[in-house]
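Asker: With the sequences and hints as input, model every part of the structure.
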Amino acid sequence: MRYLLYFTFALLLLNQSVEAQRYTGLMGLSWNVSVPLGQSTNFVGETSLRGGQFEFRDFLNSNLSLGGSLGWNGYQEYEPRETYPIDNGAITTDLTKFVYTLPVLFNVHRYFPVSENVLPYIGAGIGAKYSRHAIYYSIYTTEENKWGFAVRPEIGVIFPINDVGIILAADYLWATNDSSILNFGNTSSLNFRLGMVLLR
Amino acid sequence: MKKIPFFLAAPFLLASCFSEPDLSGLDDELVVITNFDPQADFTNYATFAIPDSIGIITDNDDDEEFVDDDKAITVLSSIRTNMLAAGFTEVEREEDPDLGVNVFVLENLNVGGSFYPGYWWGYPGYWPPCYWGYCGGWFPWYGWGTIYTYTTGTLVIEFIDLKNASEDNQRLDIIWTAYMGEVYTARNPVQEAVTAVDQAFRQSPYLFVNPQP
Numbered sequence: 001m002r003y004l005l006y007f008t009f010a011l012l013l014l015n016q017s018v019e020a021q022r023y024t025g026l027m028g029l030s031w032n033v034s035v036p037l038g039q040s041t042n043f044v045g046e047t048s049l050r051g052g053q054f055e056f057r058d059f060l061n062s063n064l065s066l067g068g069s070l071g072w073n074g075y076q077e078y079e080p081r082e083t084y085p086i087d088n089g090a091i092t093t094d095l096t097k098f099v100y101t102l103p104v105l106f107n108v109h110r111y112f113p114v115s116e117n118v119l120p121y122i123g124a125g126i127g128a129k130y131s132r133h134a135i136y137y138s139i140y141t142t143e144e145n146k147w148g149f150a151v152r153p154e155i156g157v158i159f160p161i162n163d164v165g166i167i168l169a170a171d172y173l174w175a176t177n178d179s180s181i182l183n184f185g186n187t188s189s190l191n192f193r194l195g196m197v198l199l200r
Numbered sequence: 001m002k003k004i005p006f007f008l009a010a011p012f013l014l015a016s017c018f019s020e021p022d023l024s025g026l027d028d029e030l031v032v033i034t035n036f037d038p039q040a041d042f043t044n045y046a047t048f049a050i051p052d053s054i055g056i057i058t059d060n061d062d063d064e065e066f067v068d069d070d071k072a073i074t075v076l077s078s079i080r081t082n083m084l085a086a087g088f089t090e091v092e093r094e095e096d097p098d099l100g101v102n103v104f105v106l107e108n109l110n111v112g113g114s115f116y117p118g119y120w121w122g123y124p125g126y127w128p129p130c131y132w133g134y135c136g137g138w139f140p141w142y143g144w145g146t147i148y149t150y151t152t153g154t155l156v157i158e159f160i161d162l163k164n165a166s167e168d169n170q171r172l173d174i175i176w177t178a179y180m181g182e183v184y185t186a187r188n189p190v191q192e193a194v195t196a197v198d199q200a201f202r203q204s205p206y207l208f209v210n211p212q213p
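Sequences listed follow chains A and B, in order. Using the working numbering, read the first sequence as starting at 1 and increasing by one per residue. Using the working numbering, read the second sequence as starting at 1 and increasing by one per residue.
Keep in mind the hints are simulated off the structure, nothing from the lab. Any given hint might turn out to be false.
As the list claims (entries may be wrong) - Distance windows between CB atoms, simulated: (1) Q39(A) / N44(B): 42 to 50 Å; (2) F66(B) / A128(A): 47 to 55 Å; (3) N42(A) / E20(B): 20 to 28 Å.
Bear in mind that the values here come from a model prediction, so they are computed numbers and not experimental data. Even glycine gets a Cβ: it sits at the ideal position worked out from N, Cα and C.
Answerer: This is the structure:
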């Protein structure tokens with residue numbers, strides 16, 4: 001997290017005299033690697049490589065855009081066969097714990113253009129996150145579905161080449177999705193994205 | 001611009017692709033869930049009776065009523081062995097056992113919002129025409145705990161408290177349950193059922209309160 005802050009400050013200190021090319025908008029599709037943090041790890045602690053994000057942005061001017069994003073990640077973790085105590089009894093099984101998340105956010109991004117081909121930015125998102133926490137054992141499933149409020153600070157950089165570009169980004173996603181059964185009061189994750197954008 | 005609709009559809013397709021886990025790593029052994037009535041004092045029960053067949057609870061008229069005898073004998077035998085090891089003594093049904101040991105398979109039951117003790121009526125039962133010899137308004141009682149709606153391929157063992165069957169409320173208390181599944185997709189269902197039965201007793205040490213001398 002500390003490096004993200006350093007990077008953000010560095011962006012703010014950049015000479016802003018460089019004008020970005022005037023884009024009116026972009027659409028992007030990225031691969032999203034998500035590292036669960038905090039109370040999320042009470043259930044599944046393993047990093048998710050199964051995820052992505054679709055987003056669009058409309059530029060208000062060359063340095064500011066508004067947009068929306070739809071992200072998704074599947075996290076899973078296997079637990080070998082074990083006996084667990086339950087109310088008035090016990091259960092013996094191996095199991096796969098699975099989390100599926102789907103954040104839907106409104107975003108604002110501020111750009112600090114370095115050159116025509118390097119467009120760093122910082123951003124903030126606010127919205128909702130759907131989550132499904134499930135335990136799979138044999139053919140059975142125990143699951144809990146929730147919607148929560150979500151916020152997300154973000155940093156990234158776009159490398160435009162004509163009307164396409166590569167995007168690299170990192171963000172911290174925090175949401176109120178909780179579970180009294182599975183023992184966490186909120187969910188959070190650190191996410192890293194690599195993708196492609198279409199610029200217009 | 002033809003790329004654009006695909007670009008819009010792709011995230012939804014990708015998002016749905018990742019909404020289920022990869023379950024290939026799960027082992028083939030049966031899940032074993034046991035529950036007991038916290039009010040029950042298992043030292044009060046000395047004898048049990050167990051039937052010689054395993055009924056199948058199903059909504060499908062085409063399904064068999066009973067598990068094949070050779071398979072049933074193996075599974076019932078493992079239950080009997082564990083009961084004896086726990087210190088209970090087997091008696092005939094006519095000898096007034098303290099516990100009735102119910103064994104059945106939930107094969108294909110449409111619970112439709114209720115839970116499976118609906119099998120009570122028309123159950124391919126023990127000591128017909130009545131259930132454990134109790135006719136009329138008698139019903140099983142699971143007042144103490146969770147009813148699992150695992151309605152497919154689950155082997156169930158129940159201890160019925162016959163010792164305290166009361167004419168007042170015509171209620172037969174179920175004081176211990178074991179749910180083991182899923183038996184139909186198991187590669188070797190009989191062997192895995194036997195292993196699961198052993199595990200059910202192993203994880204219920206409170207049953208071993210009356211060890212044989």
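Asker: Could you run down the list of hints and mark each one as holding or not?
Answerer: Comparing the hints with the structure gives:
1. Q39(A) / N44(B): 42 to 50 Å: At roughly 44 Å between Cβ atoms, N44(B) and Q39(A) fall inside 42 to 50 Å, so the hint holds.
2. F66(B) / A128(A): 47 to 55 Å: 52 Å, holds
3. N42(A) / E20(B): 20 to 28 Å: The hint (20 to 28 Å, Cβ to Cβ) holds, given that N42(A) and E20(B) are roughly 22 Å apart.
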